[in-house]
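Put together the whole structure using the sequences plus the hints.
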Amino acid sequence: QKEVEQNSGPLSVPEGAIASLNCTYSDRGSQSFFWYRQYSGKSPELIMFIYSNGDKEDGRFTAQLNKASQYVSLLIRDSQPSDSATYLCAVNYGDYKLSFGAGTTVTVRA
Amino acid sequence: GAVVSQHPSWVICKSGTSVKIECRSLDFQATTMFWYRQFPKQSLMLMATSNEGSKATYEQGVEKDKFLINHASLTLSTLTVTSAHPEDSSFYICSARDLGGGSANYGYTFGSGTRLTVV
Numbered sequence: 001q002k003e004v005e006q007n008s009g010p011l012s013v014p015e016g017a018i019a020s021l022n023c024t025y026s027d028r029g030s031q032s033f034f035w036y037r038q039y040s041g042k043s044p045e046l047i048m049f050i051y052s053n054g055d056k057e058d059g060r061f062t063a064q065l066n067k068a069s070q071y072v073s074l075l076i077r078d079s080q081p082s083d084s085a086t087y088l089c090a091v092n093y094g095d096y097k098l099s100f101g102a103g104t105t106v107t108v109r110a
Numbered sequence: 001g002a003v004v005s006q007h008p009s010w011v012i013c014k015s016g017t018s019v020k021i022e023c024r025s026l027d028f029q030a031t032t033m034f035w036y037r038q039f040p041k042q043s044l045m046l047m048a049t050s051n052e053g054s055k056a057t058y059e060q061g062v063e064k065d066k067f068l069i070n071h072a073s074l075t076l077s078t079l080t081v082t083s084a085h086p087e088d089s090s091f092y093i094c095s096a097r098d099l100g101g102g103s104a105n106y107g108y109t110f111g112s113g114t115r116l117t118v119v
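Going down the list, the sequences are from chains A and B.
Going by the working numbering, the first sequence opens with residue 1, and the numbers climb by one from there.
Going by the working numbering, the second sequence opens with residue 1, and the numbers climb by one from there.
Because the hints were derived from the structure by calculation, they are not lab data.
Among the hints, a few may not be true.
As the list claims (entries may be wrong) - Derived lysine to any residue pairs resembling SDA-like cross-links, with alpha carbons at most 20 Å apart:
1) B/K14 - B/T117
2) A/K42 - B/T17
3) A/K97 - B/Q42
4) A/K42 - B/W10
5) A/K2 - B/M45
6) B/K55 - A/D95
7) A/K56 - A/K67
8) A/K97 - B/K14
9) A/K97 - A/E15
10) A/K2 - B/K14
11) B/K41 - A/L46
12) A/K97 - A/G29
Claimed, not checked - Some chain B residues flagged as far from chain A (calculated, every beta-carbon gap over 12 Å):
13) D27
14) L46
15) D65
Model, not experiment: these values are computed from the prediction.
Even glycine gets a Cβ: it sits at the ideal position worked out from N, Cα and C.
Below, the structure is given as structure tokens:
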């Protein structure tokens, strides 16, 4: 599996603040990038995917991709207590496989 | 939207016995099924990839004789953990990729996971 590194957590932010999550990947050939949210004991749920350089916004979430730097990030604006979860970065490689990062646990303080 | 039904959601078994986990795609045809394992506080690790009607491809370090995968139809894939031992206790998750690719989730739909505890 290809390497996917995420910034170590846990990350604690106050309600209403911006949470910033970072991810780097090793395979220059990767074309698709995903952010998943995983609650304890549950399977991952997709937040966003991105495959073009630049920003992609969906509600309070913004994904940023820089293929030259092999870097993808996720911003969560106006963080809510319900956003408290582990966020997984996943990168697509060969034959539609996904390689996951170790995850960053986010806690939003009310 | 696309749904993958995974059963059982949790299972406890005795050491040395076998356990079968099923994943069914309910409203689409899954050309490819991925099986992951997740240990506590760790990320998902891909175990194997299966395509309908062909043998599964296992990731390095995964014992194919211990983790038997069958993908006999476009809607059903099973993972059997044979001769389970306590170190096999983990959270097993399947993920299906549908023929159309899917726009909502870019073609990957995850099952709800199976918590396996071997005692």
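Now for the hints, and whether the structure bears them out:
no.: 1; hint: B/K14 - B/T117; in the structure: 9 Å, holds
no.: 2; hint: A/K42 - B/T17; in the structure: 25 Å, violated
no.: 3; hint: A/K97 - B/Q42; in the structure: 18 Å, holds
no.: 4; hint: A/K42 - B/W10; in the structure: 12 Å, holds
no.: 5; hint: A/K2 - B/M45; in the structure: 11 Å, holds
no.: 6; hint: B/K55 - A/D95; in the structure: 15 Å, holds
no.: 7; hint: A/K56 - A/K67; in the structure: 14 Å, holds
no.: 8; hint: A/K97 - B/K14; in the structure: 32 Å, violated
no.: 9; hint: A/K97 - A/E15; in the structure: 35 Å, violated
no.: 10; hint: A/K2 - B/K14; in the structure: 34 Å, violated
no.: 11; hint: B/K41 - A/L46; in the structure: 19 Å, holds
no.: 12; hint: A/K97 - A/G29; in the structure: 13 Å, holds
no.: 13; hint: D27; in the structure: 17 Å, holds
no.: 14; hint: L46; in the structure: 6 Å, violated
no.: 15; hint: D65; in the structure: 21 Å, holds
Of the numbered hints stated above, those contradicted by the structure are hints 2, 8, 9, 10, 14, listed in ascending order.
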